[in-house]
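For reference, the chains in residue letters:
Protein chains: 2
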Amino acid sequence: MSTDTEHTDGVANPVHVIDEQLLVDAIASGERERVQELIAPLHYSDLADVLEHLSADERQALVNVIGVDLDADVLSELDDAVREDIIEHLGVDYVASAVVELETDDAVQVVEDLDEEDQKQVLDAIPVGDRALIEEGLAYPEDSAGRLMQREVVTVPEFWTIGETIDFMREQTDDGGSLPEQFYDIFVIDPQFKPLGSIPLSRLLRGKRSDKVIDTMTEEMKLIPVAMDQEEVAFLFRQRDLVSAPVIDDDGRLVGAITVDDVVDVIHEEHEEDIMRMGGVREDDLYDAAVDTVRSRFSWLLVNLGTAILASVIIGFFEGTIDQIVALAVLMPIVASMGGNAGTQTLTVTVRALAMKELTTTNALRVVGKELIVSGFNGVLFAALTGGVAWFWFDSQAIGVVIAMAMIVNMVVAGLAGTTIPLFLERNGIDPAVASSVLLTTVTDVVGFASFLGLAAWFLL
Amino acid sequence: MSTDTEHTDGVANPVHVIDEQLLVDAIASGERERVQELIAPLHYSDLADVLEHLSADERQALVNVIGVDLDADVLSELDDAVREDIIEHLGVDYVASAVVELETDDAVQVVEDLDEEDQKQVLDAIPVGDRALIEEGLAYPEDSAGRLMQREVVTVPEFWTIGETIDFMREQTDDGGSLPEQFYDIFVIDPQFKPLGSIPLSRLLRGKRSDKVIDTMTEEMKLIPVAMDQEEVAFLFRQRDLVSAPVIDDDGRLVGAITVDDVVDVIHEEHEEDIMRMGGVREDDLYDAAVDTVRSRFSWLLVNLGTAILASVIIGFFEGTIDQIVALAVLMPIVASMGGNAGTQTLTVTVRALAMKELTTTNALRVVGKELIVSGFNGVLFAALTGGVAWFWFDSQAIGVVIAMAMIVNMVVAGLAGTTIPLFLERNGIDPAVASSVLLTTVTDVVGFASFLGLAAWFLL
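Order-wise, the sequence lines are chains A and B.
Using the numbering used here, the first residue of the first sequence is number 93, and each one after it goes up by one.
Using the numbering used here, the first residue of the second sequence is number 93, and each one after it goes up by one.
Misleading hints may appear alongside valid ones.
[What the hints assert, rightly or not] Not everything, but these chain B residues come out facing chain A in the computed CB check (under 10 angstroms):
hint	residue
1	Gln113
2	Glu144
3	Asp235
4	Arg239
5	Gly371
6	Ala434
[To be verified] With a straight-line cut-off of 30 angstroms between C-alpha atoms, the simulated DSBU-like cross-links for lysine-lysine are:
hint	chain 1	residue 1	chain 2	residue 2
7	A	Lys304	B	Lys300
8	A	Lys304	B	Lys304
9	B	Lys449	A	Lys300
10	A	Lys286	A	Lys300
[Stated by the list, open to error] Beta-carbon label-pair distances, calculated as ranges:
hint	chain 1	residue 1	chain 2	residue 2	range
11	A	Asp111	B	Asp282	24 to 34 angstroms
12	A	Glu312	B	Asp205	46 to 56 angstroms
13	A	Met448	B	Arg126	26 to 36 angstroms
14	B	Pro133	A	Lys300	29 to 39 angstroms
15	A	Arg387	B	Arg519	26 to 36 angstroms
16	B	Arg126	A	Arg387	22 to 32 angstroms
17	B	Trp550	A	Gly183	57 to 67 angstroms
18	B	Ala490	A	Glu209	49 to 59 angstroms
19	A	Thr310	B	Val383	42 to 52 angstroms
Please keep in mind that the hints were generated in silico from the structure rather than gathered at the bench.
For glycine and all other residues, C-beta sits at the position ideal for the given N, C-alpha and C.
Please model the complete structure; the sequences and the hints are all you need to start from.
Here it is as structure tokens:
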């Protein structure tokens, strides 16, 4: 009985059911059988993880041991960069035979990442029926519901009974069948293949054999247009607690279904993207080769160099002032830094609220107003603190007053910029997660240095 | 037939099926019937959204119109701050009757956020049976599998057939029954209530009536210990593409099941938490009152003030140097800023990889090594760029060389700090998402100012 071991693993270390160091050692010493023995009990997701964690050389050695027996599901779980590496290794024939074993959504996911040449070769090597389904999937725009859906769906005509439905499904099994591996709802369709309603299996099971499907089904269901962006799909699933949903084409005909496991992956992917973008990096960064990482991070740092130089230019205007009071050079980063941090807090809340559709025209003005109040309050508090520190440090009440005033100015500006920059970008169709933070820090640096040094030049000289 | 309208809504605006401005206007002019008419067609999730978007006054007015007819499910979808507000309004009796209608996991979620006094009153007003289940749920640690699970599970003894199982479920319906509203797997248990295996409904439906459940079930299932943290639960669901999973107590007995819709909420919640923490704000920030927001952001800004002052102290050591070459004051923020940005890129990748368990002892050293190479390369590139700019700007080759050297030093340190700080924090049980970025910018500011001004003092004076 495998449940007991599963249980123990679950408590101690729910993820890595394998000691990777043992595997690395076995690979290093070339013990093929030991390697096979270690990976044999692994779930395909866990094997995919192991392949991701290994170095390129270790991975190559492991793939050599497994060879074309590599489970097709492992492929679909892999990070793009690692998958490419492995596919290059195992060749087009392996990929073609693996892809056939997958459900259409997973197959499309594997094929879409191949370069054009390989994609053509793989598709040519696939039987016509499967190829057509995959090519149809590829015809939908990237990140659309069409790419995400599986084509295998259980549909029944409106005049059937529950008994007929169950008998139909039992027969399908004997054929090998065209039913999906797992499904949660069946869909009732009209003669034009338009969905009329859905029946969750738990309800189907409890119905009487003589009940009509049309009396059992729920009419209220969320129909997903095939072109809908996957982020919208994920939002709908979360909002409505869906487990599966029918996908329809432009004529309203049922063409597939999306299941929640794929949506969970999308949520996760979008999550990665959000966080990575806010940090100025690309998604695949971890598994990219160093040279690709250098290149992809360079452009972001270049933008930042531009804004840093802009801030320096502002300081440059006040060279004369700093020359007379060096204390200003010592204190000026404090004003800029506090503005940047306060602004980032506001920005984070605003960008998230936009992404979660929690910020609408109804409440936008109220949110901006609240942020102004919050930043004003904190501005006064930190003006008092910083002013006090500066006063005692340089024994000059005037410097204390100047830094306090600059602090209030910069923190209020930070609160305003932290809300209005993302709102402005969103309204102009630019992803606020990417561009907001560099614009914000430019504003808080420029205003921070300019207000502090400007006030100093005015009052202290 | 509602499908057509659903379709149109889905395409045009999948989220807000209501024009909130119309509702706000109707509330403002006190048209009760118009308000009721507008909200009547809303799904409970959408009504929850609307309630969140309204101002406190508008919300109060809307709740007054709806009264105790407010769907219990709306309550469980609301943000904590808004829910508290509404509960305060509708009173303990309403909450008690609403909670009874919810499944145990949702009920526990509503009750756990009440203050102690209200919690006691609500529990006292609930019938004994429901109360016991909720109290048991509350007894599990917060954010544990126990809080997340529903108690309603379909279990069958190992000696049953599929036919008996289906008949059993049909009977339950007639009773009103103790079956969950929706379920996806049934669990086969031994006489001690220990789970032996699970059967997805799609397989149960396709089996023959005479088949034994014990021959149909999958033994390989992930058992979730009742104390497991919800983040671990979410990871498992994603990793294994689960739709539901059995939860067991310390003796290995089945006590409930977790379904994927709750896990999607957890993933979402953890996502919010990650992003908010990295931005230095609390989760509920958007719906908090301004005074709470000021307070919660203050502490984070205070920590940042400390690090900003520390950086100023470093600059203070070089007051004499700056006094002689004012250009240093103009240029010094560039070195610190570039280090901060490069470090943040590295940090983002590392923190995410740790959260996703993609960074293990097997590859930690390799990742640190790669980051050093990347930051070294980019350090050299930006040293050349910045050095050139500084040289031409201040017409001094020496200043160009000094800023170039400082840039290389700071960017390599940033790469090293960006990987080692989160690894160190994680190993010491501190959440890297919270503390990493403030530590990192402290390091890059201090090293940035110290290296630039120090090298300048050494070479230029």
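(message) Hints numbered earlier in the text: which of these fail when held up against the supplied structure?
(response) 3, 4, 9, 12 and 16
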